[in-house]
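Asker: Going down the list, the sequences are from chains A and E. Be aware that the first sequence starts at 6, since it is given in my numbering, and climbs by one per residue. Be aware that the second sequence starts at 117, since it is given in my numbering, and climbs by one per residue.
In case anyone wonders, no lab produced these hints; they're calculated from the structure. By construction, the Cβ of each residue, glycine as well, lies at the ideal position given by its N, Cα and C atoms. Treat the hints with caution; some may be incorrect.
Rough simulated footprint, nothing fancy, chain A against chain E, three-plus residues with beta-carbon under 8 Å [unchecked claim]:
no., segment
1, 153-166
2, 181-191
Take a look, some chain E residues computed to stay more than 10 Å from chain A by CB distance [what the hints assert, rightly or not]:
no., residue
3, W136
4, V172
5, R173
6, V198
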Amino acid sequence: MSLPHWSYVAMLAFCLVGTLPLVVLFRLGVLRQPTRLVLTILAGGVPFLVWDLYATSAGHWRFDADQTLPWRVADLPLEEIGFFVVIPLVSVLTFESVRAVAARRRQELG
Amino acid sequence: MTYTAICVVAVLAVVVLDRWVARTRLTSTRTWWTAYAIIVFFQLLTNGWLTGRGIVRYDPDTIIGSGDVTFVGDGRLVYAPVEDLAFGFALVLTTCVAWVWLGRRTVERTP
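If we strip away everything but chain E, and leave its shape as in the complex, we get (with noise of 0.2 Å):
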């Protein structure tokens, strides 16, 4: 599988797991993506540095775009590949999920 691929398989299996295995339905709120929205920003910045540094370097057999580095276009968008987004989104949203869904069930409870 390329990292296209497995992205788009990650993203779509997050929000099963949002909406209908964990029922968390955090993607139906307006703290989520507000909280998204913010993490998103850092993510371009932080993906921008290891990506535009090339820190981390990418088959472009693989990825959308060629694997010329540049700032936006060719698949890329502050430097990194576009699938970079979703793999954050789907890190980003099952962490969450896992959290609220935790907090349902764990007898700590925030004081």
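The following block holds chain A by itself, in its conformation from the complex (with noise of 0.2 Å):
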């Protein structure tokens, strides 16, 4: 596989690298919440999955075979379903982070 296959896993790994080192730098613990993370990607991936698998099946939208790995599951790419895990732990970092640094402040105030 040339480099343009891994054009849409270098955007989720470009995402996570972004995020996961919140985990660090706000002290989060998110990731020692397993079961509550787990359902929450669930609860968020899951519907817009569907959404995705109904929307290539209608055509609304397609995936370059030269931009992604060749692997499908439903007739979507392996990236696409991990797009719906990478997005909403991304999510939940983002706002923890923001949350932990809200709480800091409310503490100096305080």
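Take the two lone chains and join them into the complex the hints point to.
Answerer: See the structure below:
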């Protein structure tokens, strides 16, 4: 597989590299609540994955075979399924980081 | 249904979820909107990558724009259909609602 095939994966990696350090930086407890996190990713990701499956089959959008990895599950690239794990994770980490900053600020002012 | 129509329904449904079903009311908080402002910036970058490079391509009959991939205009923002912003908003808000709602109910707590 040539480099362009990794284009979608590169985007997912960029998202993770940009947000996982927040766990350390803001001492987030997100990863220490695995049940809550897994359920959250399922609750957030699954409905939109279903939407994606419908939209792909209805032809709303399609994926470039030259810029995605060759494997497909239900006609979706593996990376597209990965999107619905990565984006919910990124959302929670960003949200909790903002919460941590806000809490710290309240502490300083209080 | 077009992508546009599903997006409108999805955004409305998720706001209803936040305000009346789960009653998390995140859309009334500065914290959530601050987080969303940060997320949407990166969403524009990543959507721009996916659509600008043509990794994901759209049927023009199902979006507001004509299908021409342009930086701004013709229903596009940083190359992506504006509908992608709605999809992203709904996904991010659903996720944060679930996270907060579950946090009020699970025995797991941040030490």
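Asker: All the hints need checking, so say for each whether the structure fits it.
Answerer: Hints versus structure:
1. Coverage of the segment 153-166 of chain E by chain A holds in this model, with 6 residues showing a Cβ closer than 8 Å to a Cβ of that chain against a need of three.
2. Under the rule that three or more residues need a Cβ within less than 8 Å of chain A, the assignment of the segment 181-191 of chain E is violated, with 0 such residues.
3. For W136 of chain E, the requirement that its beta carbon stay farther than 10 Å from each beta carbon of chain A is met, with the minimum near 17 Å.
4. Some Cβ of chain A comes within 10 Å of the Cβ of V172 of chain E; the nearest lies about 5 Å off, and the non-interface call is violated.
5. With 10 Å as the threshold on Cβ separation, the claim that R173 of chain E sits away from chain A is violated: the shortest Cβ distance comes to roughly 6 Å.
6. With a minimum CB-CB distance of about 14 Å to chain A, V198 of chain E clears the 10 Å threshold, and the non-interface call stands.
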